[in-house]
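Q: Chains S and U, in that order, are what the protein sequence lines are.
Note that my numbering numbers the first sequence so that position 304 is 304, with each residue one more than the last.
Note that my numbering numbers the second sequence so that position 433 is 433, with each residue one more than the last.
Simulated from the structure, these hints should not be mistaken for lab results.
Note that the structure is a prediction, hence the values are computed from the model and not measured.
Take these hints with a grain of salt, some might be off.
Note: identical chains are not told apart, hence a pair may lie in one copy or across any two.
[To be verified] Simulated crosslink set (DSSO-like; lysine-lysine; CA at most 30 Å straight-line):
hint, residue 1, residue 2
1, Lys50, Lys109
2, Lys313, Lys341
3, Lys30, Lys374
4, Lys30, Lys392
5, Lys379, Lys392
6, Lys109, Lys40
7, Lys186, Lys51
8, Lys98, Lys239
9, Lys109, Lys403
10, Lys109, Lys341
11, Lys186, Lys149
12, Lys51, Lys344
Next come the chains, spelled out residue by residue.
Number of protein chains: 2
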Amino acid sequence: MEKKIFTSVSALLFSLAMLAQNDDSLTIRKIANEVLTNGKAYDNLRFLCKKIGPRLSGSANAQKAVEATARMLKEAGADTVYLQPCMVPHWVRGAKEKGYIQMADGIRKNLNLCALGNSVGSGKKGVNAGIVEIRSFVELDKLGAAIIKGKIVFFNFPMNPTYIETFTAYGESGSSRTTGPSKAAKYGAIAVMVRSLASNADDYPHTGVTIYTDSLPKIPAVAISTNDAEWLSRQLKMKMQLTGFIQTNCAILPDAPSFNVVGEIRGTQFPEEIISVGGHLDSWDLAEGAQDDGAGIVQSIEVLRAIKTVVSKPQRTIRAVMFMNEENGGRGAEKYLELAKANKEKHLFGLESDAGGFTPRGFGFDVSEKAFEKITGWKNLFYPYGASNFTKGGGGADIGPLKTIGAGVCGLRPDSQRYFDVHHASTDVFENVSRRELHLGALNMAALVYLVDKNGL
Amino acid sequence: MEKKIFTSVSALLFSLAMLAQNDDSLTIRKIANEVLTNGKAYDNLRFLCKKIGPRLSGSANAQKAVEATARMLKEAGADTVYLQPCMVPHWVRGAKEKGYIQMADGIRKNLNLCALGNSVGSGKKGVNAGIVEIRSFVELDKLGAAIIKGKIVFFNFPMNPTYIETFTAYGESGSSRTTGPSKAAKYGAIAVMVRSLASNADDYPHTGVTIYTDSLPKIPAVAISTNDAEWLSRQLKMKMQLTGFIQTNCAILPDAPSFNVVGEIRGTQFPEEIISVGGHLDSWDLAEGAQDDGAGIVQSIEVLRAIKTVVSKPQRTIRAVMFMNEENGGRGAEKYLELAKANKEKHLFGLESDAGGFTPRGFGFDVSEKAFEKITGWKNLFYPYGASNFTKGGGGADIGPLKTIGAGVCGLRPDSQRYFDVHHASTDVFENVSRRELHLGALNMAALVYLVDKNGL
């Protein structure tokens with residue numbers, strides 16, 4: 001008898017759970033229909049890319065992007081839109097940069113290059129020296145000052161094409177760009193050429209931040225295109241006599257004032273519990289920053305719009321955050337965290353989209369075990385919309401720090417195959433974003449925010 | 001004791017199964033590394049698209065594509081390469097086609113249009129008439145001859161954006177293009193404009209085959225761009241007085257000689273058991289046919305190359321088949337089946353790639369229950385490479401018919417979000433194909449062919 005009652009109670013609980021799931025699947029279907037039919041993310045992205053364009057921290061365009069997204073957030077239905085002032089590094093590329101390889105037979109080959117972000121300029125005379133190709137830091141250490149001193153180091157770390165997830169290859173080869181220049185400077189190199197961190201063979205240089213070690217000389221550092229890197233490597237293998245020339249005119253100006261932009265829908269039941277969803281508003285100066293990270297920006301705004309339209313009154317406070325300065329400083333993320341602490345805010349959850357607006361495949365979570373178990377129970381709800389691959393390890397450069405104040409953090413995981421074709425290059429333009437892929441990402445993000453808002457974590 | 005022996009035997013069998021799986025996963029890793037590192041599919045596709053271009057059945061370019069792929073198959077390592085002669089329909093678009101909307105206020109708006117494949121031309125005078133917008137065949141039947149007679153019917157069947165799989169939307173709206181013209185002719189319409197079957201809002205008309213009912217008058221039929229369709233629909237809703245003009249110069253010439261191209265690696269153990277992998281070589285005349293279906297062609301050649309390079313001597317006979325005339329007749333598929341029957345060939349399995357060279361998500365199978373169970377056992381092997389979504393229902397227009405002679409058939413299922421942005425339009429060009437996505441598709445296809453060859457079905 002007892003068993004029977006128990007069975008009935010579990011059956012009832014099970015039915016209630018099923019009803020809740022059913023209710024959720026209907027709401028998520030409504031969110032999906034809203035975003036796929038009336039979504040504004042694609043049009044907003046067109047504005048960011050085509051009416052504004054590159055938005056490097058400290059630039060006039062970055063300020064225009066602040067104003068434009070404040071407007072978009074209001075249009076999306078935010079109760080409140082406000083700016084968070086923060087000072088940002090102000091690196092400028094300066095006038096035309098150039099470089100070439102001078103062959104012993106007199107032929108000169110111009111290089112497709114660009115200065116790395118935050119790098120120093122070469123001065124008007126440029127840098128002229130022999131070139132040493134380096135395929136690993138072990139090799140660099142082995143050659144040491146005897147070979148490196150006075151030379152231009154050419155870091156040729158191709159992205160491994162056999163990794164299925166391109167971010168893995170980026171992570172592995174990326175050190176050539178971030179720490180390579182200072183590692184070369186340690187042995188007396190006078191400049192660095194880095195093979196672009198790109199997954200395709202083409203003629204576009206891909207920039208990105210380099211991080212100097214303060215105790216070492218800061219030497220000019222440029223990226224060269226993958227085609228140029230292949231060509232240069234072949235020449236060096238044939239023991240060709242050659243020298244390299246680089247001239248860059250970049251400089252680091254004093255920090256400039258800028259802003260994060262925040263749009264908020266205040267919660268009705270637990271307004272003190274905050275769910276943040278964001279991307280970064282700044283982009284490199286060579287690119288429209290369409291996939292990196294205009295996509296994440298307009299998706300975050302779309303999440304707010306979809307929640308407002310379909311859910312109307314969320315229980316918790318939903319914030320869409322346009323972080324400034326992810327590319328070369330992370331000051332926006334620092335400021336957001338600092339203010340959260342100062343205001344004693346309670347951050348329940350943060351979701352970041354900064355891996356491109358491609359077809360979503362899942363989410364990566366950095367949350368408690370208990371929360372991950374809860375979230376895993378929602379997985380089937382995402383299956384029809386493609387983002388059901390839930391893995392551990394998530395967050396991102398801007399949202400990740402919220403973990404330190406107790407928030408569960410998470411990153412959208414889109415298909416990664418095309419991202420590094422355009423990442424940080426002039427090919428990262430609006431035309432290379434698919435409306436459907438972008439909106440599919442936004443609707444999956446909105447579905448996740450809906451579930452966290454409804455159920456807590 | 002008996003139980004113990006039984007346990008040991010199962011443990012042994014289990015271990016053997018695991019070892020086999022492990023062996024398979026190593027071979028598939030080798031296939032993946034080979035394709036991702038040395039794959040030729042992308043370069044072959046560049047040749048097909050840029051050195052040849054559009055390849056409509058019966059055209060000089062189609063013949064060039066026959067010759068080029070015969071060469072590519074040899075280079076890929078086929079033992080034998082041969083042609084299968086077949087007669088194909090020879091539809092030609094003719095000289096410049098045009099059309100416009102004439103408004104009552106004298107303003108004339110030119111339309112972005114193109115004749116539908118296999119449609120008749122309008123004659124030199126063109127067709128000039130009032131326009132009736134139709135949103136469903138139910139609506140068409142309701143209006144009937146009283147309203148339709150003497151008019152241009154404008155079928156406005158948008159692809160439903162809320163379907164996550166775009167092929168579902170294509171299937172639903174596609175009847176406007178295939179059977180719409182004859183359905184309108186039944187009520188006395190004198191021409192048809194079809195809203196392009198496209199998933200995006202732009203100015204490109206998307207062609208595709210129309211299929212006339214022989215007993216009804218054949219009337220000129222064109223596709224107009226989605227932007228034009230939206231504009232025209234708005235004008236008609238505002239009860240604007242307008243007429244439409246269409247002039248097309250297409251014609252159906254007598255059937256022309258053409259070929260399927262077949263490359264083969266003969267099996268060492270069971271040479272009489274054939275595994276076919278293919279795509280279609282013809283494309284529409286407006287497009288480079290990069291995604292549709294240059295991708296499937298070069299992936300099939302790459303499967304042969306990967307099997308030859310990694311497996312070397314397959315047990316069964318592996319054929320890569322370049323089918324002619326999928327777009328407007330299916331005569332290549334007919335011929336392949338006819339010869340298979342005439343030669344009493346034993347077809348074990350057929351795999352088709354004709355859904356674009358996008359990131360692969362899985363395969364659709366039309367095989368026996370027993371075979372599906374066996375195949376499902378391989379699923380985990382595909383997980384690392386993205387194509388682990390195994391569903392029932394597969395094949396395709398060219399490979400599907402092999403089912404009638406006992407073969408299991410299967411279609412590659414890539415991500416479908418971008419396909420109908422470019423499908424059958426002048427935007428289906430090489431530049432819209434990603435090397436990594438294309439090669440990922442090829443390596444998953446090669447892995448499946450490897451497993452079927454090794455294990456049978």
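Q: Against this structure, judge whether each hint is valid.
A: How the hints compare with the structure:
1. Lys50 <-> Lys109: Result: close only across copies, 27 Å inter versus 33 Å intra.
2. Lys313 <-> Lys341: For Lys313 and Lys341, the Cα distance is within 30 Å only inside one copy (26 Å; across copies 66 Å).
3. Lys30 <-> Lys374: within (23 Å within a copy, 38 Å between copies)
4. Lys30 <-> Lys392: Intra 28 Å, inter 28 Å, cutoff 30 Å: intra and inter.
5. Lys379 <-> Lys392: For Lys379 and Lys392, both the intra-copy (13 Å) and inter-copy (22 Å) Cα distances are at most 30 Å.
6. Lys109 <-> Lys40: Cα proximity of Lys109 and Lys40: across copies only (28 Å, versus 46 Å in one copy).
7. Lys186 <-> Lys51: neither (43 Å within a copy, 50 Å between copies)
8. Lys98 <-> Lys239: within (24 Å within a copy, 60 Å between copies)
9. Lys109 <-> Lys403: For Lys109 and Lys403, the Cα distance exceeds 30 Å both inside one copy (49 Å) and across copies (57 Å).
10. Lys109 <-> Lys341: For Lys109 and Lys341, neither the intra-copy (54 Å) nor the inter-copy (60 Å) Cα distance is at most 30 Å.
11. Lys186 <-> Lys149: The answer is within: 9 Å in one copy meets 30 Å, while 84 Å across copies does not.
12. Lys51 <-> Lys344: The answer is neither: 38 Å in one copy and 64 Å across copies each exceed 30 Å.
This entry does not satisfy hints 7, 9, 10, 12, going by the numbered hints stated previously.
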